[in-house]
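Asker: Turn these sequences into a full structure, and let the hints guide you.
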Amino acid sequence: MAAHAATGAKTATNDVSHKRRKGPGALATVYLVIYNVVMTAGWLVIAVGLVRSYLAKGSYHGLYYSIEKPLKFFQTGAVLEVGIVPSSVVLTGFQVMSRVFLTWAVTHSVREVQNEDSVLLFVVAWTITEIIRYSFYTFSLLNHLPYLIKWARYTLFIVLYPMGVTGELLTIYSALPYVQKTGLYSITLPNKYNFSFDYHTFLILTMISYIPLFPQLYFHMMRQRKKVLGHLEEHSKNE
Amino acid sequence: IKHLLRNYTGQTVVFFEVEILDAKTKDKLCFLDKVEPNATIGEIKSITLNMNLIQNIPPERCGCPAVTSCRLCLSTDPQWYPARQSIRLDPKGKSLKDEDVLQQLPVGTTATFYFRDLGAQISWVTVFLTEYTGPLIIYLLFYFRVPFIYAPKYDFTTSKHWVVHLACMCHSFHYVKRLLETLFVHRFSHGTMPLRNIFKNCTYYWGFAAWMAYYINHPLYTPPMYGEQQVTIALMIFLFCQIGNFSIHIALRNLRPPGSKTRKIPYPTKNPFTWVFLLVSCPNYTYELGSWLGFTMMTQCLPVAFFTFVGFVQMTVWAKGKHRSYLKEFRDYPTLRSPILPFIL
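Protein chains in written order, with the UniProt record's numbering: chain C, 1 to 239; chain Z, 1 to 345.
Calculated directly from the structure, the hints in this document are not laboratory data. Do not take every clue at face value.
As the list claims (entries may be wrong) - Taking lysine-lysine and the DSBU-like style, the derived pairs with C-alpha atoms no more than 30 Å apart in a straight line are:
1) C/LYS226 to Z/LYS24
2) Z/LYS26 to C/LYS227
3) C/LYS181 to Z/LYS153
4) Z/LYS97 to C/LYS226
5) Z/LYS160 to C/LYS192
6) Z/LYS26 to Z/LYS94
7) C/LYS192 to Z/LYS97
8) Z/LYS264 to Z/LYS97
9) C/LYS227 to Z/LYS160
10) C/LYS227 to Z/LYS92
Answerer: The structure is reproduced here in structure tokens:
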């Protein structure tokens, strides 16, 4: 859910102060460049996989299976970037956690939802976002950021973010009946630890939490966009 | 500019000029052009601040005895009560204390202070009373199985397990003890804390109390695995630590004369429960942890274990901070002591 917002969040301010702030050391830079290149490549693999699968099948149903493994691998791998990437630790950590939750605790765990179109919706949103985001980081580290990438990062979220959120919410919603029926990840009383957990209720609470969180993150991205891309309008006014 | 004038005792006194700037915007908020050198920060704060600039206010309107004339002073506005003012030497530095005296600060005769609004404040006593009364009442609501918590057939019934009754007594005793200590024992260094803390703290205490009480008083509650033996030992631990915790609070109170804010190194007293001061800086937290471990053992309830763990983490943070400030303030601080757990943490 925090897909697009977190990515823009603090990096915009870092872009502006980028030249003033001391960059990472040489070794760290090499590590970061390799990491970001690998991640860009990984999400490109997912993108290509989706396209090929669509062309082969002739429809967009059930494309999840064709990219299931790389999706799990690269989305989980993002855990490594918490605290490393220019965005704030809290924001990045939260986004990665929510993505990993959706990948493993919902889509992987509840087989019945894997055929849903909503899964494709968020996978496509994530894929496009991540390809742009990781190439953004890569080019920034190499001090050769094409304007197109910067523009894409701070503009495409306007569509991709709501698209991803919709896909995620619909997926969780479609998982609910199966979770309730099977009692997945749930613990009931009585037991010797005097504890209970209802995963069904937990998922509903998760869905509700999108209501306060989504607008905040979305409008934060909007503000970042004005800050980073705003100067464009001033230039065209002056000409 | 030195103002060499004779004050009322006929002595020559160097008056200070004090300017107060906003820590964020660096706007000039207040300029006091004749301040007695022995004026305290607290007195300067009592010239309440307001954003409307009114020039040449006569000194009587400022309400501060140390200021003999006021130029750009601001009219009284109860919004900026002293408790929410932070006056500091550096915009990003630490707040000065109310007791600090002007002439003892590292300032020239024209002192520049920075002002920061700490936001709405609430007294510590109020916060403590609110955050402790909640769990007391909430637990009892669950104990008496008030309607809408459990299935209707259990409304106003009581548990058949005697450990549940014991747990209720212990939990209630604990919070009554805390309330009484807040009213009669503790001597607070700070008068106030930010208002938003009360919401944060109450959510924590009240939320956990409800969560624990729900399971302990549940009709499907399972008593401890090792039965009476386990509960008895747990009760002993709980009572021992309650007495210990109380002893430490009394010892700490006796370190400080009434109404003062002095700080001294705590030492073991005649009370054996205070001998743990030999090994630990904050034994009140050590005993508190012990009490909750006892309660966890008594109820064999996972949410209680979580509460104990979270509390332990928070108390460790506080203990380490306190330990560090003891070391900084007292050169002769005993080296054998650990913050919260002897030799370990």
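Asker: All hints are to be evaluated individually against the structure, with a verdict given for each.
Answerer: Here's how the hints hold up against the structure:
Among the hinted pairs, C/LYS226 with Z/LYS24 is consistent with the structure: their alpha-carbon atoms are about 24 Å apart, no more than 30 Å. Our distance criterion of 30 Å between C-alpha atoms is met by Z/LYS26 and C/LYS227, whose separation comes to about 24 Å. Proximity of C/LYS181 to Z/LYS153 is assessed by CA-CA distance (about 26 Å); at most 30 Å being required, the pair is judged to hold. Annotation: proposed proximity of Z/LYS97 to C/LYS226 is violated, straight-line Cα distance about 42 Å (limit 30 Å).
Of the supplied pair hints, the one linking Z/LYS160 and C/LYS192 holds, its CA atoms being roughly 17 Å apart against a limit of 30 Å. Using a Cα cut-off of 30 Å, the hinted pair Z/LYS26 and Z/LYS94 holds, with the two alpha carbons roughly 17 Å apart. With a CA separation close to 53 Å, the supplied pair C/LYS192 and Z/LYS97 exceeds the 30 Å bound. As the CA atoms of Z/LYS264 and Z/LYS97 are separated by approximately 18 Å, the hinted pair is consistent with the 30 Å bound.
With a C-alpha separation of about 65 Å, the suggested pair C/LYS227 and Z/LYS160 falls outside the 30 Å cut-off, and the hint is violated. Between the alpha carbons of C/LYS227 and Z/LYS92 the distance comes to roughly 26 Å, so the proposed pair stays at or under 30 Å and holds.
Comparing the model with each numbered hint stated earlier shows that hints 4, 7 and 9 do not hold.
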